[in-house]
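Enquirer: Sequence:
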Amino acid sequence: MVSPRRLRAPLLAVVFALLANGCWDRVEINNRGFVAGVSIDTLPAEDGTEERAKSAAPYRICYQIVVPGGQSGDGESSKGSTGYSNLCGKAASLSAFHQYATDKLSRPPFYDHLKVILVSDQVARKGTGFADMLDFFMRGAGVRRSIKILVAKGNASEALNSESPNEGLPASDIEKISGNRSSLEKLPATQIGFIHERFMNETSYAVQSLETSDKSVLVSGSAIFDGKTNRQWGALNPRQTTGLNFLRGYHMRGMITLESAGSSISLNIYEIKSRIRADVRDPEHIRFEATINVVVGIRESSGTIDLVQKTVMDRIQHDAASEIESMIEDAVDALQHDIGKDALGLGEELKQNHPRTWEKVKSDWDQGKMLLSACEVRAHATVGIRLTGTVDQTERG
1016 MVSPRRLRAP LLAVVFALLA NGCWDRVEIN NRGFVAGVSI DTLPAEDGTE
1066 ERAKSAAPYR ICYQIVVPGG QSGDGESSKG STGYSNLCGK AASLSAFHQY
1116 ATDKLSRPPF YDHLKVILVS DQVARKGTGF ADMLDFFMRG AGVRRSIKIL
1166 VAKGNASEAL NSESPNEGLP ASDIEKISGN RSSLEKLPAT QIGFIHERFM
1216 NETSYAVQSL ETSDKSVLVS GSAIFDGKTN RQWGALNPRQ TTGLNFLRGY
1266 HMRGMITLES AGSSISLNIY EIKSRIRADV RDPEHIRFEA TINVVVGIRE
1316 SSGTIDLVQK TVMDRIQHDA ASEIESMIED AVDALQHDIG KDALGLGEEL
1366 KQNHPRTWEK VKSDWDQGKM LLSACEVRAH ATVGIRLTGT VDQTERG
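Offset between the sequence shown (1-based) and my numbering: plus 1015.
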């Protein structure tokens, strides 16, 4: 029998070997090129022809790279501040640009802390550019599913050069603006995990929209994508996006302003609940009834108005409900008839609660026969006022 003393040395050797191998791939933080933001634009043809635009490098891609300790970046990068640099170049794909960035930078690109991916609407509307670009990140090990995706009106790279008074890093500012729920004119943040699910089940969807003006970023409106091709099919303006938020019951907060009881009233939105039911007796003319319950508070009113009177409060609630229904109708009309893509969630309602009907109509829902355009959608909003606030009344003698 082997004595315990003789076994001790080999066991210790094995343990030390395992511990030593446990960090064989360790990379110091200062040796990583942390990519905080990515922008993807089309590269215009030099001679104005489509053929030239489809050349070996049709995209202009930019990486916003965090510079540790305020050190300067490497390669042909434009320094945006002491804390980051933007590396831009031409490439046929993100894989090709990754290799370009690896060759240009002393610290290879590292995506574990990527915050935002900005895709120009020109890329999103052409071919498979949107899906191809996001595929690089969806397949990447360590890439978080919570990365924000935004479609930029115009050049996406302008947003990475925007002013960043709060964070000192434009990508971080954009991420926080995208994620806050203080405006009904924008969608909830669109995450790459959500996009991946839509790629898999081939249902149409809406993505947050962004535009840059005078180095200032505004997130509002939404880009609408076809679930089959993953191409941008159209866009909703801020009012239509507000209607979409109400219809889908997204947990957004914000403010709406309307004329009621002889005064201009601003209402804070505190809570939105929505329920959609379908009447599928005629599969080619399905009827949807949407019930939306909204809780608001009066933020501001112009003129003299007595909020204590029940008739005044009833009038405000009625007019607010009518305004919400009008915004929903605008969104439904745009998506049903102008764009023709179901970002309304109607197909999801059928799939979940009427699966047999959905199997019959799904191939012609927002494709083929376009049954989406033939269905009827009615919205009924109810508004309750939680707080009336304080109103100053001026006595007139």
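These are calculated hints, taken from the structure and not from any lab test. Don't take each hint at face value.
[To be verified] Below are the SDA-like pairs computed for lysine to any residue, each with C-alpha atoms no more than 20 Å apart in a straight line: (1) Lys1288 with Phe1214; (2) Lys1288 with Ala1336; (3) Lys1375 with Gln1206; (4) Lys1105 with Pro1083; (5) Lys1168 with Leu1058; (6) Lys1168 with Gln1137; (7) Lys1243 with Thr1143; (8) Lys1230 with Lys1288; (9) Lys1105 with Thr1143; (10) Lys1384 with Gly1399; (11) Lys1377 with Ser1388; (12) Lys1377 with Asp1229; (13) Lys1141 with Glu1217; (14) Lys1288 with His1266; (15) Lys1243 with Ile1207; (16) Lys1384 with Gly1355; (17) Lys1168 with Asp1118; (18) Lys1377 with Lys1230; (19) Lys1288 with Gly1399; (20) Lys1325 with Ser1341.
Enquirer: Which earlier hints can't be squared with this structure?
Expert: Those not satisfied are hints 1, 3, 4, 8, 10, 12, 17, 18 and 20.
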